[in-house]
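Colleague: Letter by letter, the chains look like this.
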Amino acid sequence: MAALLGRLCRKLVFPGTTHGAKRLSTSACESDTVKSLNLYSAINQALHIALETDPRSYVFGEDVGFGGVFRCTTGLAERFGKNRVFNTPLCEQGIVGFGIGLAAMGNRAIVEIQFADYIYPAFDQIVNEAAKFRYRSGNQFNCGGLTIRAPYGAVGHGGHYHSQSPEAFFCHVPGIKVVIPRSPREAKGLLLSCIRDPNPVVFFEPKWLYRQAVEEVPEHDYMIPLSEAEVIKEGNDITLVGWGAQLTIMEQACLDAEKEGISCELIDLKTLLPWDKETVEASVKKTGRLLISHEAPVTGGFGAEISATILERCFLKLEAPVSRVCGLDTPFPLVFEPFYMPTKNKILDAIKSTVNY
Amino acid sequence: MATAFSPTKLTATVPLHGSQENRLLLPIRLAPPSSFLGSTRSLSIISSPRLIHANAARRSPVVGVQEVVKEKKATNSLLITKEEGLELYEDMILGRSFEDMCAQMYYRGKMFGFVHLYNGQEAVSTGFIKLLTKTDSVVSTYRDHVHALSKGVSARAVMSELFGKVTGCCRGQGGSMHMFSKEHNMLGGFAFIGEGIPVATGAAFTSKYKREVLKQNCQDVTVAFFGDGTCNNGQFYECLNMAALYKLPIIFVVENNLWAIGMSHLRATSDPEIWKKGPAFGMPGVHVDGMDVLKVREVAKEAVTRARRGDGPTLVECETYRFRGHSLADPDELRDAAEKAKYAARDPITALKKYLIENKLANEADLKSIEKKIDELVEEAVEFADASPQPGRSQLLENVFADPKGFGIGPDGRYRCEDPKFTEGTAQV
Numbered sequence: 507m508a509a510l511l512g513r514l515c516r517k518l519v520f521p522g523t524t525h526g527a528k529r530l531s532t533s534a535c536e537s538d539t540v541k542s543l544n545l546y547s548a549i550n551q552a553l554h555i556a557l558e559t560d561p562r563s564y565v566f567g568e569d570v571g572f573g574g575v576f577r578c579t580t581g582l583a584e585r586f587g588k589n590r591v592f593n594t595p596l597c598e599q600g601i602v603g604f605g606i607g608l609a610a611m612g613n614r615a616i617v618e619i620q621f622a623d624y625i626y627p628a629f630d631q632i633v634n635e636a637a638k639f640r641y642r643s644g645n646q647f648n649c650g651g652l653t654i655r656a657p658y659g660a661v662g663h664g665g666h667y668h669s670q671s672p673e674a675f676f677c678h679v680p681g682i683k684v685v686i687p688r689s690p691r692e693a694k695g696l697l698l699s700c701i702r703d704p705n706p707v708v709f710f711e712p713k714w715l716y717r718q719a720v721e722e723v724p725e726h727d728y729m730i731p732l733s734e735a736e737v738i739k740e741g742n743d744i745t746l747v748g749w750g751a752q753l754t755i756m757e758q759a760c761l762d763a764e765k766e767g768i769s770c771e772l773i774d775l776k777t778l779l780p781w782d783k784e785t786v787e788a789s790v791k792k793t794g795r796l797l798i799s800h801e802a803p804v805t806g807g808f809g810a811e812i813s814a815t816i817l818e819r820c821f822l823k824l825e826a827p828v829s830r831v832c833g834l835d836t837p838f839p840l841v842f843e844p845f846y847m848p849t850k851n852k853i854l855d856a857i858k859s860t861v862n863y
Numbered sequence: 177m178a179t180a181f182s183p184t185k186l187t188a189t190v191p192l193h194g195s196q197e198n199r200l201l202l203p204i205r206l207a208p209p210s211s212f213l214g215s216t217r218s219l220s221i222i223s224s225p226r227l228i229h230a231n232a233a234r235r236s237p238v239v240g241v242q243e244v245v246k247e248k249k250a251t252n253s254l255l256i257t258k259e260e261g262l263e264l265y266e267d268m269i270l271g272r273s274f275e276d277m278c279a280q281m282y283y284r285g286k287m288f289g290f291v292h293l294y295n296g297q298e299a300v301s302t303g304f305i306k307l308l309t310k311t312d313s314v315v316s317t318y319r320d321h322v323h324a325l326s327k328g329v330s331a332r333a334v335m336s337e338l339f340g341k342v343t344g345c346c347r348g349q350g351g352s353m354h355m356f357s358k359e360h361n362m363l364g365g366f367a368f369i370g371e372g373i374p375v376a377t378g379a380a381f382t383s384k385y386k387r388e389v390l391k392q393n394c395q396d397v398t399v400a401f402f403g404d405g406t407c408n409n410g411q412f413y414e415c416l417n418m419a420a421l422y423k424l425p426i427i428f429v430v431e432n433n434l435w436a437i438g439m440s441h442l443r444a445t446s447d448p449e450i451w452k453k454g455p456a457f458g459m460p461g462v463h464v465d466g467m468d469v470l471k472v473r474e475v476a477k478e479a480v481t482r483a484r485r486g487d488g489p490t491l492v493e494c495e496t497y498r499f500r501g502h503s504l505a506d507p508d509e510l511r512d513a514a515e516k517a518k519y520a521a522r523d524p525i526t527a528l529k530k531y532l533i534e535n536k537l538a539n540e541a542d543l544k545s546i547e548k549k550i551d552e553l554v555e556e557a558v559e560f561a562d563a564s565p566q567p568g569r570s571q572l573l574e575n576v577f578a579d580p581k582g583f584g585i586g587p588d589g590r591y592r593c594e595d596p597k598f599t600e601g602t603a604q605v
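These protein sequences, in sequence, are chains A and B. One point on numbering: in the numbering used here, the residue at position 83 of the first sequence is 589, and numbering is uninterrupted. One point on numbering: in the numbering used here, the residue at position 273 of the second sequence is 449, and numbering is uninterrupted.
The set of hints was computed from the structure by calculation and includes no laboratory data. A few of these clues could be false.
What the hints assert, rightly or not - Not everything, but these chain B residues come out facing chain A in the computed CB check (under 7 Å):
| no. | residue |
| --- | --- |
| 1 | Leu307 |
| 2 | Gly328 |
| 3 | Ala367 |
| 4 | Asn408 |
| 5 | Ala436 |
| 6 | Ile437 |
| 7 | Met439 |
| 8 | Leu510 |
| 9 | Ser570 |
| 10 | Phe577 |
| 11 | Ile585 |
Said to hold, decoys possible - Have a look at the derived ranges for each label pair, beta carbon to beta carbon:
| no. | chain 1 | residue 1 | chain 2 | residue 2 | range |
| --- | --- | --- | --- | --- | --- |
| 12 | B | Glu509 | A | Glu558 | 49 to 55 Å |
| 13 | B | Pro565 | A | Ser643 | 55 to 61 Å |
| 14 | B | Leu421 | A | Gln646 | 57 to 63 Å |
| 15 | B | Glu509 | A | Ser643 | 43 to 49 Å |
| 16 | B | Ala578 | A | Glu734 | 42 to 48 Å |
| 17 | B | Pro565 | A | Thr559 | 56 to 62 Å |
| 18 | A | Ser643 | B | Gln392 | 39 to 45 Å |
| 19 | A | Arg562 | B | Glu263 | 31 to 37 Å |
| 20 | A | His678 | B | Lys581 | 51 to 57 Å |
| 21 | B | Tyr283 | A | Asn589 | 38 to 44 Å |
| 22 | B | Pro580 | A | Glu558 | 24 to 30 Å |
We treat Cβ as the ideally placed atom computed from N, Cα and C, and that holds for glycine.
Taking the hints into account, I'd like the entire structure generated from these sequences.
Modeller: The following block contains the structure:
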């Protein structure tokens, strides 16, 4: 798998680690030990900590026992026992529903859906049950202990059913939270926050970064707050908003734009629902321009929500229309993936045309 | 063993190796599963007396099938003629060589994506599909190359599809897991487990409707293939219910290879004997040795005849095994070497070869010439696929909707993606 990814990978430049930009929110103190980890190892560490700190937390899903198809759950079954880390049969609806039941009885259920593309049978349970449990029981019951983890996003050769980005569907559901990390260090902190958050959370992991992204990750237990966006890179001319693996592409586009004298401000949204409107609003009020980029198809993608909200709040400050550089409105293609994706060049073109509007 | 077809023993089994011992009675013991979750039973194929009585009391019309089978046993001792034997052999060799060539091409980088190979399970595909006509439909899973080949899709078309070329059966749009063919009524590979079963159910309804309402002479049946993991999925049960309720001409074939990626069937299923789920819904459930193409063929004949006659659906569980990993990216570390060796010894191709030679239906030279012919065919398919062009960019926006203007064609009549403004400046790909 790594060889294949290597063959098709784009060069990865990690925001925040390679060009020394100031990080506005840090997540560890300097004296702690850090280790160079990739994304799946960071998530694995987070799961180990979560299970260690709460004896009533469980990890289950398809093939998690041996470590999972992406190795995120390695070592958990051996360490915590098959009573807490177990494989389920192949039934997403059943798995999530079962997790909701566990959560409703006060446990922490960390459910793995093998690929985000397979989450749709569980969509009913998530939308109709998980999101509404606290609401319709009048706060007698809640399934806050539920965290659903799913690898999402393009991987170079995934095709229709191993590359989808379904975050927009979930962002339309009041009652759940949607979180997407951009790097190993963020993933560990965010996942621990999600697990401990008293609301059900859907946590999408960019599968392309599982092995490709490597970062220094603190070894201790730390959490990154939800619903707080981070300005990864400061700038004055245009604000770029993104999440997950797309940020690395956007960062490259920003570097190229800088060579042409355009100063870009890059924001990682981290939590899509509920999203940090204040940070984005403050940034757009400063720069006057906004560009949003995501892999999911453009129509009805989450970029539309961001665009509409910012328009309401910053209309008079905007110098140009909000630009969205996203996937095309087709099913995720197999052979045409490079053509479908919002590539660095497409983003660069959009930056230039927005700035020169 | 007693199947749900009849309360008596051993009507649907003929030993392939001519010995008295009946393979289906041998209990298969696998590693003891955990007692906390999963089944505590081992997979022994001895049905419970309670079930036999329950079946005898059922209203489902299985009597006719019993007679068919008894008659077969009385007349001839050989199950196939020479022509049929050679046809089966050729089909299985085609499946095997094709899959081996896929593996080679994948590791050479000509093929990409998620590829799932069928090595070891050829008897199921050949056993069932070679009994079907061109108008019968087949619905498969992501392990669908060999189903497509058995159904008649040319090796060239499948290989080109795998390479992502425009001459592929889906013009390069689908890839390994989505083999469709309108001409051969191959209703697809499905990447998602269980997704194909409702589709097959709908296709079966069409046949029934054509025959009973439109009064056309339609005898088409649909065969839905899926794995053991799928049998824990809701869609499967919903369709068993509907098929039995509407008495649809469909055969549900479970290719039970005991593993769903890394999850053993025994640890995932409360009652591992999948064939038992048929009678629960009012249709016969049969278990057959899926490594033996002649046994599969016998059971398939009964099931297809039943469906064509209008007697409704059948659930057939084929006990089989995949020799390779789940996909070409799977290192296949979890399965026990002893288990693999045991099934490798029951290779369906070797078994059929032995049967043909021992029963003087063919000689070594015949079989060798078939193998050579298939080798050349597969080589030629690779060359064809290599030489074929990649799809044009306009294909990206085609077929999203019925109307190509939906997304594809702009106001100037050209495909939007051909329009230079679509990707401006540096955004060329």
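Colleague: A separate judgement is required for each hint: does it hold in the structure or not?
Modeller: Verification of the hints:
1. Contact between Leu307/B and chain A, as hinted, is not supported at the beta carbon level, the nearest pair being about 29 Å apart and thus beyond 7 Å.
2. A distance limit of 7 Å between C-beta atoms decides the matter here; for Gly328/B the minimum to chain A is near 24 Å, and the interface restraint is violated.
3. Contact between Ala367/B and chain A, as hinted, is supported at the beta carbon level, the nearest pair being about 4 Å apart and thus within 7 Å.
4. A hinted interface residue such as Asn408/B counts as satisfied when its beta carbon comes closer than 7 Å to some beta carbon of chain A; here the least separation is about 3 Å, so the hint holds.
5. Interface restraint check for Ala436/B: the shortest CB-CB distance to chain A comes to about 6 Å, inside 7 Å, so the restraint holds.
6. About 5 Å separates the beta-carbon of Ile437/B from the nearest beta-carbon of chain A, less than 7 Å, and the hint is met.
7. For Met439/B, the shortest C-beta to C-beta distance to chain A is roughly 5 Å, which falls under 7 Å, so the interface hint holds.
8. Checking Leu510/B against chain A: minimum C-beta separation of about 6 Å stays under 7 Å; hint holds.
9. Given hint, Ser570/B at the interface with chain A, is violated; its Cβ is 10 Å from that chain's nearest Cβ, farther than 7 Å.
10. Hint status for Phe577/B relative to chain A: violated, with the closest Cβ pair at about 10 Å, above 7 Å.
11. The beta carbon of Ile585/B is not positioned within 7 Å of any beta carbon in chain A (closest approach about 14 Å), and the interface hint is therefore violated.
12. In this structure the hint that Glu509/B and Glu558/A lie 49 to 55 Å apart at CB is violated, the actual value being about 27 Å.
13. The beta-carbon spacing between Pro565/B and Ser643/A, approximately 60 Å, falls within the hinted interval of 55 to 61 Å.
14. Restraint check, Leu421/B to Gln646/A: a C-beta distance of roughly 39 Å breaks the suggested window 57 to 63 Å.
15. Look at Glu509/B against Ser643/A: about 45 Å separates their beta carbons, and that is inside 43 to 49 Å.
16. Distance hint check: the CB atoms of Ala578/B and Glu734/A are about 45 Å apart, consistent with the given range 42 to 48 Å.
17. The given range of 56 to 62 Å is respected by Pro565/B and Thr559/A, whose C-beta atoms sit roughly 57 Å from each other.
18. In this structure, Ser643/A and Gln392/B break the distance hint of 39 to 45 Å, their C-beta atoms being roughly 54 Å apart.
19. Distance hint for Arg562/A and Glu263/B: a CB-CB separation of about 60 Å, inconsistent with the stated range 31 to 37 Å.
20. Judged by the Cβ atoms, the range 51 to 57 Å given for His678/A and Lys581/B is violated: they are separated by roughly 29 Å.
21. With their beta carbons about 40 Å apart, Tyr283/B and Asn589/A fall inside the hinted range of 38 to 44 Å.
22. Distance hint for Pro580/B and Glu558/A: a CB-CB separation of about 56 Å, inconsistent with the stated range 24 to 30 Å.
The structure does not agree with the numbered hints 1, 2, 9, 10, 11, 12, 14, 18, 19, 20, 22 stated previously, though it agrees with the rest.
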